[in-house]
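Starting from the structure of chain A, add chains B, C, D and E with the ligands where the hints point.
Protein chains in written order, with the working numbering: chain A, 1 to 512; chain B, 1001 to 1328; chain C, 2001 to 2334; chain D, 3001 to 3306; chain E, 4001 to 4301.
Hints listed in this document are in silico derivations from the structure and should not be mistaken for laboratory results. Be aware that one or more of the hints could be misleading.
[Unchecked claim] Derived contacts from chain D toward chain B, CB cut-off under 8 angstroms, selection only:
#: 1; residue: Asp3058
#: 2; residue: Tyr3204
#: 3; residue: Thr3207
#: 4; residue: His3222
#: 5; residue: Asn3289
#: 6; residue: Leu3299
Don't be surprised by glycine CBs; every beta carbon is placed ideally from N, CA and C.
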Amino acid sequence: GNSASSDKMITTSEISDPGTTDVQKTTSEYTIPLNIYDRLVEAITVSPGKSELVPGLAESWEVSPDGLKYTFHIRKDVKFHNGEILKADDVLYTFDRMLDPATKALNTDFLDMIAGAKDRMDGKANSVSGIKVIDDNTIEITLAKAFAPFLANLATPAGSIYNRKATTEAGEQFGIDPQKTIGTGPFKMKSWALNDTVVLVSNPDYFQGAPKIDGVNIKIVPDAETNRIMFETGKLDIFNLSNSASQIPQFRDNEKWKNSIVSGPIVGLYYYALNEDIKPLDDVRIRKALQMSIDRQTLLDKLYYGEGQLVHGISPPGLLGYNPELPKIEYNPEKAKQLLTEAGYPNGFDMEIVQTTDSPNTLKINEAVQAMLQKVGVRVKITQIDESTYFATRQVGKLPSNQNEWSADYNDPDNFFYTFFSQKNSKVRSYNYNNLEVNAKLEKARTMVDQTERIKLYQEMEKTIAQEDAAWIPLFALNQLFVVQPRVKNFQVAWNGWSSMSYYGLEIVEAK
Amino acid sequence: MNDASTILEINNLKTYFYTDKGVVPAVDDISIKVKKGQIIGIVGESGCGKSMTSLSIMQLIAPPGKIAGGEILFQNKNLVGISKAEMRSLRGNELSMIFQEPMTSLNPVYPVGKQVAETLLLHNKHMKKAEAKQKVIEMFKMVGIPEPEERYRVFPHQLSGGLRQRVMIAMALICRSKLLIADEPTTALDVTIEAQILKLMKNLQEEIDTSIIMITHNLGIVAEMCDYVYVMYAGKIMEQADVYELFDHPKHPYTEGLLKSIPRSNVQQNKEKGLYSIKGMVPNMLNLPKGCRFHPRCIYAEDACREVEPDLVDVGEGHLVRCIKYKN
Amino acid sequence: MHKIQELGGDDVNRVLMKVRNVKTYFPVEKGMFRKKSAMVHAVDDISFDIYEGETLAIVGESGCGKSTLGRTLLRLLDATEGEAYFEDQNIFELTSKELRQLRKQMQIIFQDPFASLNPRMKVTDIIGEPLVTHESMNKKEKDERVAELMEVVGLRKTYGNRYPHMFSGGQRQRIGIARALALNPKFVVCDEPVSALDVSIQSQIINLLQKLQEQKQLTYLFISHDLNVVRYFSDRIGVMFVGKIMELGPTNEVYDHPLHPYTKFLVAAAPVPDPHERSKEKLILEGEIPSPINPPSGCRFHTRCPYVQDRCKSQEPELKQIEGRMVACHYPLV
Amino acid sequence: MGHYIIRRLVISIPVTFGIALITFILLNVIPGDPVALMMKDHISADVVARVRAQMQLDDPAYIRFFRFIWNALHGDFGVSYKLNRSVSSLLMDAFPNTLILAISGALVSWIIGIPAGVLSAVKKRSFLDNSIMGFSLLGVSIPVFWAGLLFQYIFAFWLGILPVSGFDGPEYLIMPAIVLGWSSAGTISRLTRSSLLEVMRNDYIRTARAKGNLELKVVINHALKNAMLPVVTVMALQVAGLLSGAVITETVFGIPGIGRIAVNAIQNRDMPLLQGAVMFTTVLVILGNLVADVLYSLLDPRIKYD
Amino acid sequence: MNIAKNMLFKKEIIEPSDELVKETFWQDVFKSLRKDRMAMAGGTIIALFILVAIFAPYLAPYNPYEVSLDLQFQKPSMEYWLGTDMFGRDVLSRIIYGSRISLLIGIVPSLITMLIGIIFGIIAGYFGRKTDFIIMTVSDMVLSFPSLLLAMVVMYTLGASLLNIFIALSIVGWAGTARVVRAQTLSLKNKEFVESARAIGVKPSIIMIRHILPNCIPQLLVLFTLEIPGSILSEASLSFLGVGAQPPASSWGLMVSNGKEFLFNAPWVAISPGIAILVIVLAFNFLGDGLRDALDPYLKQ
Ligand SMILES: Nc1ncnc2c1ncn2[C@@H]1O[C@H](COP(=O)(O)OP(=O)(O)OP(=O)(O)O)[C@@H](O)[C@H]1O
Ligand SMILES: Nc1ncnc2c1ncn2[C@@H]1O[C@H](COP(=O)(O)OP(=O)(O)OP(=O)(O)O)[C@@H](O)[C@H]1O
Ligand SMILES: [Mg+2]
Ligand SMILES: [Mg+2]
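Excised from the complex, chain A in its bound form (with noise of 0.2 angstroms):
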């Protein structure tokens, strides 16, 4: 019996299989992975939209004073999947084949900072040079630069600690073959048909005790209307609306369901990038004309039913070093018709907005900028292509104009402007943003140990980057809402969204 009421497990639903649960060879769909395995550190939503750093199987670490070395004291007690105890070798047999090239890693972002990791990955080297296993239970991480936000780095599922011998066993099954797939983590893989359905079930044994459900069906059901009909006829406990946004206010008035709504801000926001090489993008009035020509307030009532707020830089509210005080983009098509004169474009401009052609909500904002911009005289076109070649343009930095969401993967103001703006990135993404100040400033944020002086930096940098040059629109950061059964109890919003949705803390309630 699969279905939601039966016994103790919890039935959720994804669009899409994700194909893998090795967190090395995928950059998203970390849902699985969260679950059945741990990090050295983990990143904990203490409250709705905020996130601590807390101990995962790392029970204590110290960092040098140069933010150079870090040692990780880990526990004693933890016990895999397999049985086997964990040890610090399986740390750095974890690290060493995320940075292996046999291993064709995707995730190797993550740690190529540790010293040794290029030379490792470039086959250089047979090992990581700045990994070091002290004794079993101590592993010494020496990285090649000092880099603020390792720890947080550590805490992403692609940080998720691996079995040597269970996973060099499972060779290219591991993540696949569930049977094969070790973890430490309180869940345990126990079958998976693809395309249909995935089974956790509660590892007794988890070190912080077994976990209160039995376990989770999650059930791949592409079709969102399909899901919702699953969801009220009680075949899922959990609908989660940000695929369908056009549900809300019909779960809002539903006198079944507005009291089972769980509702919650993460950290990422919605925005728009522009690509500065393609004119007239080039010119900052431009840029700020069409910042201006964005009515966002609307867009999100109309579109997302009020639910969230707007950003007016870089970090979304939550994120570390959010600043409220930020001085708001007003929505003013005069003034942005005057800038358009300004820079010789009376009468507007002809511009490209493409977007990935299986995405009808990016498609629904789209449509509504495409209007809104007509009003200030700008001629949008939308362009759907796949997204294949959507990343492959994008790669290049040809990519025309477009709107996306981010999210964050750890809690740190890195993860958002660096992602976006550094010199590294600002092609790959696209923007072709290049003020060699801010560039400069965005290395040495990276390195700085003050956490103060930091943060004072990256909200100087947000001025620049967001209102002076505005050289992306953000546009606002929603809230994510779920619906549960309401014998689901302890349903938590995570903090960064839901694809670090964690069901430890879940617990079923039978209704009398």
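Same frame as chain A, now just chains B, C, D and E with the ligands:
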């Protein structure tokens, strides 16, 4: 005229087609009589209503066609208006038919033996299949199908035209029908095969003593097979007579023309003169000429012919003609 | 060009066409999948001459290869082997351009007046098509010529812009004849031109063909299975049986004194339109026509021949000259 | 027959090869990059370049193509980029689901289509004919994703008698099969109708009537078997077509089948997977064709393959 | 009795009597089509939709592209007959304008399909042998490639645009037409009138154009009317998969697939374009069936 020897009597039969272009009087008031053991012939050109006459007897006229009048007395029972069930019990049993196209008249997906047996089983509710098969094989032998046991199982396409027509004949005669309607049974066959089939029919007729209505446009076949002949033209009978009488003393100009226009092998024809031919062509059934329907093609036509439709008059010895020249 | 020995007949008439050892085989396509193992021997080694101005009839039962022969001689089908000379040109060796030229000289009239006219073309265009194809005529000249042709075949010229389905079978056959005659050919293959027609119409068409032959000195290869028509219409007759010519000679002689048993039975089988004849015991040929895919060994007719001898089963008789005629029989009925 | 089948299969080799080539070319002229796609928003130029090299994606196209063909000939269709699994096992896992769906969908379409076709042929141009044809054409005219949603709404939401989505038992099959079957019932019924009408004109039908058969028996015993000949061909092809054509049904009803795999493969530029899926379905269609021909020959005594 | 004397050389004109059928082929077909009520209803609806498409700017009460989020999801009312969508655009106006794209998507690919199919089909059928083998092998490939997937791949390759939809649907569709035309050509090729043209010395290319093509037209016409609804539905499927018509254009398929998510809270957004598709598809089907019935005797001549 209800004497016991008359098996079929058609009186004033009218079969009309109600099409959107108008009414087609395919069979227009014809009367035919068939005696027991007699072979009567119906001749006429294409489209003159021969097949429709036979289908009317079988009550197989499909819409938009309809029997618009007259009666068809088969063994003194009027088939017009008879119940469907009653008609079905007659079809294939007392009254059967052979069609022109042996190639297409057999169902391609069933073995021929089975198709013949079907008729038998349909009309003999208690007959066992094995018995039916036995009878069919006997019948096959009788119609001259070599190796009848093997042939029972073969499919129509595996047989030649002549054999298929034999199967059709076996099917028609398997219930020893009283009346067999043969609608151009040999048109699709070769001369040598045609001769075989005609001979076979004649023999069978003598043996089983059925009556036959032989429909054809070939005067040669009529001369060879029939006792009494009806000549049809545009839905009407123009002349009817004993076969010798008709060939020796054709009275209607149409019959006369038909007989003359056949190139004869036994008469030395004068090539310089050319063949005799009837001018013009068969009229459109939707728009028949006024008066005698043959008058536009008739070399003797007078004014009167253009006005009144002549009656069929008896000129003695069972010879009837529909021509103004003959009045009683 | 080598000299070809002439076959049979007197030398008074000029030979228009010489046919030598022509074979036309068709690969048999079994089922949906083409497996070309067997061949239909539709025309199997046939030789004869056609004289200018004569009507040579070919008779035989269905499937014996009459049409195939006619079509091969016009090169509408490619012969498998053999030669055919039309006024000393081997038509099997012509290039497609030469062939198109030659087509003005030789034409064909088909059996089915329904299938032989393109239902989507107007009568003028049907009759005018040969003119447009071969002569650079302007529209007016063409229309005049078409009108003339229509008149010749007995069609009212004002009906030129009608479609074929508006005509009766006999009229359609006339259209087909007009089309065939448009380029003033010398040689016309008539492939059962009257068998689809009613008796009353049939004689009209035969008369027309005869009239045209006289007026235009046409040579006909007249294919038919109606022995009565053939007897009336042809000068010489060739009797075919399963791809071969069994007997060839002047019509009346062949009819009155058949030398080949098959001819004898064929002639006897035709129903005679005279009831007085019926009391006579008819000669009836037993058995079925053999398949042209696997013709019987020896004489093809031996399986049905009442006079069969052992030799007939193994040795194939050649077409020999006997009493001024050609016969392919070991034991001709002399 | 054996020979025939073998030769048919031999003939289908160029077709299969051609399809592999076409798919390959199509997928290679698109500017997309599977590695970039795998990384999505976390894209990094270095990583992409490195992983591409590791995956031998930078080899010239023809080398990759022949490598693919060579491996495919050895039964190895490679490993899906996106799903990290062997393509063969992915397809083999999804195939039974799709097969069951296709067959039951086809069954539904026959159950609706054939009687509808027969009825409307017998009652040609009557009210009954029009309404039956209308009903079966309705299935064709409603986009599948709509019909699916409608059924889910009615049977799962309102009436609560059928499961919404998934593939855990026979009850899960009912709605998808009906939706799928209804959408192709129109084709079947129309074909049955026209084929039957044509057969009914044949002389042997008149013969059957002349024997004294009941009209119903004439239709069923004499006409239907002949009329079904072309229908059967289409039916076999239809099953083959449904195997890959059920993409949308599979999506709406969450059925883990070949169609969804193929669509995902296209979307993810997952070359090995798409190649595999296309080859797989192509072979199925070719087999479907063959089955159709063989069935035809079994039903129609006139056709013999030897 | 006096038999007519020598008739042979008498000049004789046969009157093609006026009693014989005078209608041309199309008049005849049209006549029997007119009696078919369903077909006529279909034809009328199609004609209406075509008129709507042509006069869209005059008929549409609002600008179909005008977004005003304030008017989001207005229920059908006197003001907005069919309500508004999530961008506050008038659904009726969008349907009216959508008819342009949807009809184009129905007709253009079907035309291209026909054209390619005719060319390849006739050539394959007429020349046979190797030409036939090659063309038929290619068409086999297309036919064995799942059609929706093929269309998707093509759309991905070429990018989503109206033109590319035409191309994608044509690439998918031509093979079927080619098969039909080829079969027809094969049967026509042996017809006596084609042989007669060859006997006259007409060139193959002209035979194909003058004699074979016109006789395929009835069949093609039926095929054409049935191809159109197929294309319209394919576009709806492509829209569902995200590669159909591109916004702000309003094809019915796009409207239906976009509106699907509001089927419960704003059903009017999706239902009316859905009905439009349904009606036009049914109309074409009924017309096609009617044509088939009307042409029936000619298809089998
Ligand atoms: N379905 C129909 N609709 C209209 N008229 C019809 C129909 N069927 C037959 N007819 C007409 O009925 C007339 C007689 O046809 P019938 O088949 O009896 O001729 P026939 O003498 O058997 O000719 P044939 O020698 O060609 O078989 C024809 O003129 C024909 O036009
Ligand atoms: N294109 C073809 N392909 C294969 N076989 C053919 C073809 N044309 C004719 N045949 C076969 O060749 C043989 C001779 O055919 P042909 O048409 O020449 O006969 P025919 O004497 O004209 O017969 P009919 O009197 O029926 O017209 C027949 O067995 C026929 O089946
Ligand atoms: Mg008849
Ligand atoms: Mg012939």
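Here's how the hints hold up against the structure:
1. Using the Cβ-Cβ criterion of 8 angstroms, the hint placing Asp3058 (chain D) at the interface with chain B is not satisfied: the shortest such distance is roughly 60 angstroms.
2. Taking 8 angstroms as the C-beta contact cut-off toward chain B, the hint placing Tyr3204 (chain D) at the interface holds, the least distance being around 4 angstroms.
3. For Thr3207 (chain D), the interface hint holds, since its Cβ comes within 8 angstroms of a Cβ in chain B; the closest pair sits about 5 angstroms apart.
4. With its C-beta approaching chain B no nearer than about 6 angstroms, His3222 (chain D) sits inside the 8 angstroms limit, and its interface hint holds.
5. With a cut of 8 angstroms, the hint placing Asn3289 (chain D) at the interface with chain B is violated, because the nearest CB-to-CB distance is about 22 angstroms.
6. Checking Leu3299 (chain D) against chain B: minimum C-beta separation of about 7 angstroms stays under 8 angstroms; hint holds.
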